[in-house]
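Residues per chain are reported as follows:
4 protein chains.
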Amino acid sequence: MKTPNPSRRSEQSRRAILNAALDLVAEVGYAKLTVEAIAARAGVGKQTIYRWWPSKGAVLVDAVLALSEDEEGAIALPDTGDIRADLRGVLRAIVDEYNDPKIDTITRALAVESLTDPTLNTQITGRVLGPLLEVTKDRLRAGQRAGQVAEGVDLGVAVELLYAPIYHRWVLRTNPLTHEYADTVLELALKALSPATINTVE
Amino acid sequence: MKTPNPSRRSEQSRRAILNAALDLVAEVGYAKLTVEAIAARAGVGKQTIYRWWPSKGAVLVDAVLALSEDEEGAIALPDTGDIRADLRGVLRAIVDEYNDPKIDTITRALAVESLTDPTLNTQITGRVLGPLLEVTKDRLRAGQRAGQVAEGVDLGVAVELLYAPIYHRWVLRTNPLTHEYADTVLELALKALSPATINTVE
Amino acid sequence: MKTPNPSRRSEQSRRAILNAALDLVAEVGYAKLTVEAIAARAGVGKQTIYRWWPSKGAVLVDAVLALSEDEEGAIALPDTGDIRADLRGVLRAIVDEYNDPKIDTITRALAVESLTDPTLNTQITGRVLGPLLEVTKDRLRAGQRAGQVAEGVDLGVAVELLYAPIYHRWVLRTNPLTHEYADTVLELALKALSPATINTVE
Amino acid sequence: MKTPNPSRRSEQSRRAILNAALDLVAEVGYAKLTVEAIAARAGVGKQTIYRWWPSKGAVLVDAVLALSEDEEGAIALPDTGDIRADLRGVLRAIVDEYNDPKIDTITRALAVESLTDPTLNTQITGRVLGPLLEVTKDRLRAGQRAGQVAEGVDLGVAVELLYAPIYHRWVLRTNPLTHEYADTVLELALKALSPATINTVE
DNA sequence: AAATAAACGAGACGGTACGTCTGGTCTTGAA
DNA sequence: TTCAAGACCAGACGTACCGTCTCGTTTATTT
Numbered sequence: 000m001k002t003p004n005p006s007r008r009s010e011q012s013r014r015a016i017l018n019a020a021l022d023l024v025a026e027v028g029y030a031k032l033t034v035e036a037i038a039a040r041a042g043v044g045k046q047t048i049y050r051w052w053p054s055k056g057a058v059l060v061d062a063v064l065a066l067s068e069d070e071e072g073a074i075a076l077p078d079t080g081d082i083r084a085d086l087r088g089v090l091r092a093i094v095d096e097y098n099d100p101k102i103d104t105i106t107r108a109l110a111v112e113s114l115t116d117p118t119l120n121t122q123i124t125g126r127v128l129g130p131l132l133e134v135t136k137d138r139l140r141a142g143q144r145a146g147q148v149a150e151g152v153d154l155g156v157a158v159e160l161l162y163a164p165i166y167h168r169w170v171l172r173t174n175p176l177t178h179e180y181a182d183t184v185l186e187l188a189l190k191a192l193s194p195a196t197i198n199t200v201e
Numbered sequence: 000m001k002t003p004n005p006s007r008r009s010e011q012s013r014r015a016i017l018n019a020a021l022d023l024v025a026e027v028g029y030a031k032l033t034v035e036a037i038a039a040r041a042g043v044g045k046q047t048i049y050r051w052w053p054s055k056g057a058v059l060v061d062a063v064l065a066l067s068e069d070e071e072g073a074i075a076l077p078d079t080g081d082i083r084a085d086l087r088g089v090l091r092a093i094v095d096e097y098n099d100p101k102i103d104t105i106t107r108a109l110a111v112e113s114l115t116d117p118t119l120n121t122q123i124t125g126r127v128l129g130p131l132l133e134v135t136k137d138r139l140r141a142g143q144r145a146g147q148v149a150e151g152v153d154l155g156v157a158v159e160l161l162y163a164p165i166y167h168r169w170v171l172r173t174n175p176l177t178h179e180y181a182d183t184v185l186e187l188a189l190k191a192l193s194p195a196t197i198n199t200v201e
Numbered sequence: 000m001k002t003p004n005p006s007r008r009s010e011q012s013r014r015a016i017l018n019a020a021l022d023l024v025a026e027v028g029y030a031k032l033t034v035e036a037i038a039a040r041a042g043v044g045k046q047t048i049y050r051w052w053p054s055k056g057a058v059l060v061d062a063v064l065a066l067s068e069d070e071e072g073a074i075a076l077p078d079t080g081d082i083r084a085d086l087r088g089v090l091r092a093i094v095d096e097y098n099d100p101k102i103d104t105i106t107r108a109l110a111v112e113s114l115t116d117p118t119l120n121t122q123i124t125g126r127v128l129g130p131l132l133e134v135t136k137d138r139l140r141a142g143q144r145a146g147q148v149a150e151g152v153d154l155g156v157a158v159e160l161l162y163a164p165i166y167h168r169w170v171l172r173t174n175p176l177t178h179e180y181a182d183t184v185l186e187l188a189l190k191a192l193s194p195a196t197i198n199t200v201e
Numbered sequence: 000m001k002t003p004n005p006s007r008r009s010e011q012s013r014r015a016i017l018n019a020a021l022d023l024v025a026e027v028g029y030a031k032l033t034v035e036a037i038a039a040r041a042g043v044g045k046q047t048i049y050r051w052w053p054s055k056g057a058v059l060v061d062a063v064l065a066l067s068e069d070e071e072g073a074i075a076l077p078d079t080g081d082i083r084a085d086l087r088g089v090l091r092a093i094v095d096e097y098n099d100p101k102i103d104t105i106t107r108a109l110a111v112e113s114l115t116d117p118t119l120n121t122q123i124t125g126r127v128l129g130p131l132l133e134v135t136k137d138r139l140r141a142g143q144r145a146g147q148v149a150e151g152v153d154l155g156v157a158v159e160l161l162y163a164p165i166y167h168r169w170v171l172r173t174n175p176l177t178h179e180y181a182d183t184v185l186e187l188a189l190k191a192l193s194p195a196t197i198n199t200v201e
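First to last, the protein sequences are chains V, A, Z and F.
Under numbering that gives the first Met the number 0, the first residue of the first sequence carries the number 0, and numbering increases by one thereafter.
Under numbering that gives the first Met the number 0, the first residue of the second sequence carries the number 0, and numbering increases by one thereafter.
Under numbering that gives the first Met the number 0, the first residue of the third sequence carries the number 0, and numbering increases by one thereafter.
Under numbering that gives the first Met the number 0, the first residue of the fourth sequence carries the number 0, and numbering increases by one thereafter.
Incorrect hints may have been included.
What the hints assert, rightly or not - Every beta carbon over 12 angstroms from chain V, so not counted as near; a handful from chain A, in silico:
1. R7
2. R8
3. D95
4. K101
5. I102
6. G125
7. D137
Unchecked claim - Below, a list of computed lysine-lysine pairs in the DSBU-like style, where the Cα atoms sit at most 35 angstroms apart:
8. K31/F <-> K31/A
9. K45/F <-> K45/Z
10. K31/A <-> K31/V
11. K31/F <-> K31/Z
12. K190/Z <-> K136/F
13. K45/F <-> K31/Z
14. K101/V <-> K136/A
15. K31/V <-> K101/A
16. K45/V <-> K31/V
17. K190/F <-> K136/Z
Don't read these hints as lab results, they were simulated from the structure.
The structure presented is a predicted model; accordingly, all values stated were derived computationally and were not measured.
Using N, Cα and C, we set each Cβ at its ideal position, and we do this for glycine too.
Produce the entire structure from the sequences given, and follow the hints as far as they go.
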């Protein structure tokens, strides 16, 4: 096994490959995405892809990471003090992304990879999903300090309560994803996380 | 296009194919599952598969359905009056299934199909997931009548609140799936669905 | 190793492959002949070639054999009693073939294979060259009976004396191949094979 | 196209390349000889080979030429007055060379190149084969002066009569190459070239 | 019981893409 | 500036499967 020397790597080819991968997956879908087509579209030899990535999934993950890293730390949640409004903005934005056909296709491709290849799953959850969950936890922590979120709650579970229902509905296409749905989920989640005592009806 | 006559279908071949598909997907994973291998393992001609199923995904869905239909309507939720205990049993059982390597592998395969092929997605959500969601809604409705669940709540959202976090954690492997986790999710969900008023802290 | 069943073999594909191989080797030469191009030209999948032949050289040998077997036993030498005239016809015909660009190209390809692959060398010498040498030996044997060729001469060497110089000149392109050359070779060979005694000059 | 400056050429690299080429062709055969392997074995960049030679065949030809030029004009035929003995020595020596596995392999490689590439063919026949044919013609000319070879005979054909049968048998592997065979060929050739008249049996 | 027609096992077919290998060109750093 | 090292584009290699298409051979009605 010969490990190539990264210092000699052609940045131009790398960009061309990542762009071609994103374009093609949006055009033909993940199942019909081929390394051969990526190479052809990028004007690159197949070996140049195989030299640097182990699979088409890895190329795609890199492509998506390159995308999100271009936007440079845009993954910051607002903190206006109004936790309901702040989270509503995030959830609605996520719904909008899932409803964008291009993002939908690419994200489904990532989801397939995540299900299939544990290595890529680690990368995807660590570098794409992870940061979002972290900033959300930060926002919820601020909510705890402000008395809007119960002290004892496990924030790891809390963020799943917010995002998982939307993800579930998107993956399984059980029902349409709308802003109203996002709002409903948010209301229930906030109630669940609320620090308030509950007056059980007797 | 010639539509074959189902009355002449060989039940023996059908069973052999479904079993071979389940065995193989557990052995080599979904990505490396091939129609050719299923046919060879089942001792069957490839055409016999293509005659009755449009894709390897469809075979797998049928195989899983055959499995669950063997267990014959087992998808009934208990109703002991204690909604917390009843749901806890279900959630823990789901966690156990996801933690079973064979079921894990097969279910991931179905999830991949669901993401990839809208037709199969419809079948999977309709015939595998759907019944579970329905009986859960029934149980929650009983909870509403018993005053344990708020009246106005959208039960479609309610069941997602219960199941989606577990699904999310399983798909993305963000954290281990345990009974404790299931219990935590249940507590939060029950609080969210609770009919009680909330005493906002002043 | 799976050995295919010859009874199911497609005669149509076989012919198309052999024809495509001959056409292509004449067009682009042996070094640039590829299995891929043969398959494409023949309208055939690559596997259909690899199923029945181990290499492009083997295809070519079969193609040439098919050619010569179409001409059906044409490899018979005349026996008019005039051994000089009979052999002159053969040698000139061989010179003409070597001077035909298409035959030249194909024969060079066979020669390269013969040099490179011992297996194909056996086939080529056995099935293409061998029969010619045999009928020539037969003719020389008749010459022996007629007293035109010495009794003791090794006919294996005798046929080489006739054909080798032409082959040598063709392979190495040392000088042009003409009828006159063929005639000169023939005269010398006949003198060498002559049963006559020699009057050494004193 | 950039023509490199020969004065700057590294003699050390040149020798290393030629030696590597000879070693490798003897080891793996001509078909599996690659420029990449030559470069690696010689401890040289591929470009250094492509800078000075157009193809692997050209390298090999140069390598063989370098070999024979080291032996410095060794290509001289003895002239003891006994033409039979002198030629017998040459023919037997050639047979011995063809029977040496290393020389066999390299010579087959040259033959393949000669068949494939007209440019290299010219070089090979001109610089390797040519000198041998010339000195042989010289020896035959001396034979003519001594009355051992007929005056009118075309010496170009005469040398082919001597060497072609051996070459033919070597290339095509039709029969084993032995000293006895060389002697038989020589006897027939000398008879053919003999100045004597022939007493046809009546 | 014989005839007939469909489904069956087997597997060859035209294809697509795989991941690897080599050819010949271009780029980078060290000497 | 030349070289070794090796990345690059290009494209053929031989393999694996795809989904379609015959082949005989069961198997199960129809006659």
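Status of each hint after checking the structure:
No beta-carbon of chain V comes within 12 angstroms of the beta-carbon of R7/A; the shortest separation is about 33 angstroms. At roughly 29 angstroms, the least C-beta separation between R8/A and chain V is larger than 12 angstroms, which holds for a residue marked as non-interface. Separation of D95/A from chain V is adequate, the least Cβ-Cβ distance of about 19 angstroms exceeding the 12 angstroms criterion. Against chain V, the non-interface label of K101/A holds: every CB pair exceeds 12 angstroms, the least being about 16 angstroms.
The beta carbon of I102/A is kept farther than 12 angstroms from every beta carbon of chain V, the shortest such distance being approximately 14 angstroms. A cut-off of 12 angstroms between C-beta atoms contradicts the statement that G125/A is not in contact with chain V; the least separation is 10 angstroms. Taking the minimum C-beta to C-beta distance to chain V, about 17 angstroms, the non-interface status of D137/A holds against the 12 angstroms cut. For the hint pairing K31/F with K31/A, the CA-to-CA distance comes to about 34 angstroms; that is within 35 angstroms, so the pair holds.
About 32 angstroms separates the Cα atoms of K45/F and K45/Z, which keeps this hinted pair within 35 angstroms; it holds. Under the criterion of a C-alpha separation no larger than 35 angstroms, the hint pairing K31/A with K31/V is consistent with the structure, at around 16 angstroms. For the given pair, K31/F sits about 16 angstroms from K31/Z by alpha-carbon distance, which is consistent with the 35 angstroms threshold. Between the alpha carbons of K190/Z and K136/F the distance comes to roughly 20 angstroms, so the proposed pair stays at or under 35 angstroms and holds.
Between K45/F and K31/Z, the direct Cα distance comes to roughly 22 angstroms. Compliance with the 35 angstroms bound is thereby established for this hinted pair. For a cut-off of 35 angstroms, the pair hint linking K101/V to K136/A stands: about 34 angstroms separates their Cα positions. Of the pairs offered as hints, the one joining K31/V and K101/A holds, with about 28 angstroms between alpha carbons and a cut-off of 35 angstroms not exceeded. For a cut-off of 35 angstroms, the pair hint linking K45/V to K31/V stands: about 17 angstroms separates their Cα positions.
Simply put, K190/F and K136/Z have alpha-carbon atoms about 20 angstroms apart, close enough for the 35 angstroms limit, and the pair holds.
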